[in-house]
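Quick mapping for you: the protein sequence lines, in order, are chains A and B.
Position one of the first sequence corresponds to residue 1 (the UniProt record's numbering), numbered consecutively onward.
Position one of the second sequence corresponds to residue 1 (the UniProt record's numbering), numbered consecutively onward.
No wet-lab data here; the hints were simulated from the structure.
Hints may contain errors.
Which copy? The list can't say, so a pair holds if one copy fits it or any two copies do.
[What the hints assert, rightly or not] Here are the simulated DMTMM-like pairs of lysine to aspartate or glutamate, each with C-alpha atoms no more than 25 Å apart in a straight line:
#1 Lys92 <-> Asp262
#2 Lys295 <-> Glu17
#3 Lys135 <-> Glu202
#4 Lys273 <-> Glu28
#5 Lys192 <-> Asp262
#6 Lys18 <-> Glu307
#7 Lys50 <-> Glu121
#8 Lys91 <-> Asp170
#9 Lys18 <-> Glu288
#10 Lys273 <-> Asp188
#11 Lys273 <-> Glu307
There are 2 protein chains.
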Amino acid sequence: MRLYINDVAVRDGFQIEKTFIPTKTKVEVIDQLSRTGLHKIEVTSFVSAKAVPALADANEVLSAIERVPGVLYVVLVPNIRGVQNAAATAKKPDEVNGVMSASETHNRANINRTHEQSLAELPTMVKVAHEAGMKISMSLSTTFGCPFEGHVAEDVVLRFVEAYRNAGVDAISLADTTGMANPRQVEDLTRKVLERFPAPDETFYTLHFHNTRGMGLANVVAGIAAGVRSFDGSISGLGGCPFAPGATGNICTEDMVNMLEDMGYDTRVDLAKLLAVARNIPAIVGHEVPGQVMKAGVTMHLHDLPEYLRT
Amino acid sequence: MRLYINDVAVRDGFQIEKTFIPTKTKVEVIDQLSRTGLHKIEVTSFVSAKAVPALADANEVLSAIERVPGVLYVVLVPNIRGVQNAAATAKKPDEVNGVMSASETHNRANINRTHEQSLAELPTMVKVAHEAGMKISMSLSTTFGCPFEGHVAEDVVLRFVEAYRNAGVDAISLADTTGMANPRQVEDLTRKVLERFPAPDETFYTLHFHNTRGMGLANVVAGIAAGVRSFDGSISGLGGCPFAPGATGNICTEDMVNMLEDMGYDTRVDLAKLLAVARNIPAIVGHEVPGQVMKAGVTMHLHDLPEYLRT
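Chain A extracted, bound-state conformation (with noise of 0.2 Å):
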């Protein structure tokens, strides 16, 4: 079965970075990334740069990359100034997420909107990408549970889906803000998703997860089973959590791979170039990170007999 594998660490894990990593090595990063198999790279985001300042080079990043035919590049919006940012740059992204959370207190943290004020600015979004030439996705932050608010109703999330829905959206993602999903919660909900708002294609529906517990993988096994057929991760594990210093963020692509192949899956992604591009990550940064095979290596690494059985 065809698995589709997108990336988000150089926006979502550098981001958070506390020392700006320099334009080239982004571009660096985004193009070793282009050449793995991935479907869609999350390259940089259109927010205030103020408020992020790791991604002030939006512009640069877009115009420096080498696209590769096939991939699709994505840059984050949290509103429709970042979509018309996103129109008006040089080198355009194929696709811009734009971002509202299911619960409304978080939504007013993370973008300072009511969900009211979100979705009234939905129509605009879509059609200010769509007028030019940009595919766009909404993502759905907090579907599994919010940090502040905790459980989060099922029909909040089927309500914004068919919000996204009617507003004329290429894809969907849903996202385990704080690695709060567990595996038989995702298989539950999202098995309603696609029930009542059957997917028009293979990747219309994308599953974002954290590994914030531990949990990561198996919701990723959990949404395979309820029919999702398209991943976030981070290469190396890259990212965090705002509330808890030290905790892992988003799951990681590399170990994704390796388990998915192991299953059997067919990702199309080259495990052994994306593993040399995650080895690079923690000089880049300057810190350990979460990722689990690029220490031990993948499950078919095998060792030498221990000296004492070499006869």
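Please arrange chain B on chain A, whose structure you already have, making use of the hints.
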């Protein structure tokens, strides 16, 4: 659904620490774990003190711990000598856990015996254990893959399970010794084992996973789907992988319990107490540990609103 959770940190985790963990500390950790609702605690090992100096205090540990009714105290034994030592100690464990490897090479590397030698010794191990009033469980290392040989044939695993059953063991643990199992494989192979050799009771089969490549909790979910109800973990994720410095070893007990309780399973484990034990471990061993929930908090640990939203 009731699940049974076992902890192996004091044996499997402390055993690879470079500095000797004082007997008093081991006893304190075991006594704390005894009050968390765990089913089994693996407290030490009767192995050569030369081979594993970290556990040279097996007799002292067994004498000093305070045993809580309902908890099974387990000691690892690599061979008949280990069973005899356990039988001869002043305060015997409830259960000895013997170990063989599905891979012939790993069996020789780990316990210096061929498969034939190991299996020939098994009936005597069972006899000595039972005559001493101890239960005996048998682990099968490298059930899901061998770091030297790679793929392990399912037939070999099934033959070992048959031999274990024929020898009259009280429990069987299928162990993913170096984290090579994937969820599909776990579900398939475990289902075959349970179909061919049905469990006489809920705790007869245990699955022992490592998180070496990040798949540990996904494998637990797969094992439950296949019908297993008992799982090993290591508090705070203590442990490691002898083949990959920096790689993770055993899955983290409290991360597993957090996931299972979120999924609605009944582990009977007091997660808050378990976390309190886990949070002491870094100070005991003097380094960081892989546990995620101890850093992020349990799933429903909510956070204060950002200041600008507190109006």
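Non-conforming hints, listed in increasing numerical order
1, 10 and 11
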